[in-house]
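Asker: Go ahead and model the full structure; you've got the sequences and the hints to work with.
Taken in sequence, the protein lines are chains V and F. The numbers in the first sequence follow my numbering, run straight up by one, and end at 119. The numbers in the second sequence follow my numbering, run straight up by one, and end at 515.
These are calculated hints, taken from the structure and not from any lab test.
If you only want the chain V side, here are some residues facing chain F, beta carbon under 10 Å, derived: (1) A5; (2) N32; (3) A41; (4) P60; (5) N112.
Note that the structure is predicted; figures quoted are calculated from it, not measured. All C-beta atoms, glycine included, are put in the ideal place defined by N, C-alpha and C.
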Amino acid sequence: MSVNALYDYKFEPRDKVENFNGMQLLYVLWPNHLMFCAPFALLVQPDMTFGAMVEEILKPATASHPDAANADFLAAQWLLNDEPFTPDADASLIDNGIDHKSMLTVTTPGLNGLAGAGF
Amino acid sequence: MAVKNKKLNLKDKYQYLTRDMAWEPTYQKKKDIFPDEDFEGIKITDWSQWEDPFRLTMDAYWKYQAEKEKKLYAIFDAFAQNNGHQNISDARYVNALKLFLTGVSPLEHAAFQGYAKVGRQFSGAGARVACQMQAIDELRHSQTQQHAMSHYNKHFNGLHDAAYMHDRVWFLSVPKSFFDDARSAGPFEFLTAISFSFEYVLTNLLFVPFMSGAAYNGDMATVTFGFSAQSDEARHMTLGLEVIKFILEQHEDNVPIVQRWIDKWFWRGFRLLSLVSMMMDYMLPNKVMSWSEAWEVYYEQNGGALFKDLERYGIRPPKYQDVANDAKHHISHQLWGTFYQYSQATNFHTWIPGKEEMDWMSEKYPETFDKYYRPRYEHWAKEHAEGRRFYNNTLPQLCQVCQVPTLFTEMGEPTKLSHRQMNYEGERYHFCSEACCDIFKHEPEKYVQAWLPVHQIYQGNCEGGDVETVVQKYYHINIGEDNFEYVGSPDHKRWLSIKGKSSDDKAEGSKQDAA
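Answerer: Here it is as structure tokens:
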């Protein structure tokens, strides 16, 4: 469908990758840890390695959760844009197929948040 | 000899002031005079069928409103002179006003602009006059709300730059984009969105709890505004129902168009009201009713009767109302948890509810509060007591349509985050729900332009790369005064000193907190 308008209604998407000054957006969801109310929105370098993203960005973002200390994210189960995905920690995000505005979901077996509430 | 009565009776006056504003043009085409009337596909066969819900004449309107205004401002003056702010239940209440002033009052102004615009676009004079009158009401509401709350600005933080913040602050893009969406639609969609879906179906969820909440919490200025606006709101609601019935009766081809608008605007309104849900359950120290009770009365019962009534036009209840009904057990808690963790970037404070308040929530939300939400507060309270007040230092993903962080959970699965994703013309888009994703799919060109605050920060358009700079410079939020935790805030200290207590005392009602 398209917008019903009085004129040819066409606009550039506001969040194209070229608007991010060489960086790209990445979303990461850690299911069953709703202490973080929504998936993280991260600004990352496309040529950053996956391992560096986990160490330098994901770990600090999740550090305040009691489960974080026990989480082995690199050995966890990953989805990339809802599809099963095996990350290569030494390859860049782009070479891992993680493009602008991709979403990663990382499940850490045995770590299901606090109080049985997925929190 | 018959003397001609110089005074017009009410009916004649009304006729002169409304229908006689309409004449058949002779040297311009009607289509050129009302160019926006047809493109949405709504077919109007006979504008004379428009029944004016209130045959209020302009001169009666001015007189009546002026009297109301006089009384209203007399009470504002008395409130200020008597330091009325000292008689409220607790200073935490003022945070509801901060949210209202930045989130809702600018919408009244947006409504004024919207009605002034569509009040020019209908070829039917009755509809034009009704919209113009409502435009004036909305402008008045915006002004009187600001005046009602201005006294608080002298004594509490976070109320100093509401209109400016409305255009910039991350969570205020939720109400702003809601109205921008409506105002950039055609005139019939605007009326379906605002007059019907918002004013008629959902407005009671905003006004009744908020004005009762003001009364329960000793805020006479805001209560008085509420009374003053009540007769206007009744008129607006009646217009909302008239609009929808009129459009549906005009042509059967209008039914599917209107149904889609109802589906869209019910959902958009429901998402917007999630802010009100947390205001009701968490920000009113003296509670009126719970969000779930309000939803049951004002949507499930009243809305249920309404949609039963509209069945004869071929209209069904809004799509995804089952999701909204289920969400009544959750959204206030999910929203408060979100604002609690992002308090560093808001113009109001948040806090852990006190023990009595949590017990109240256990009673009002027997299925969900103790199981899913109490443990969060207990954990955060413990963290706070140990000197680690929880803040989320990473920005959240936002929904492309409603612009709320994608924080909601799936229906029937309160621990599973609801998230949808799709590709459109080579770009990825993310949504909080199937319903928002549906809205996008129908008009993708509209939402690909969305000004999402998180992405704007990351693009470098908000005067800084870090949250602190953005909050201070771009949002005009005074760090350490307007934002962060309530306990120990300048507002909290000021309130304790008003009440003659030392700042070592714990916050009233927040006895679990480590003050």
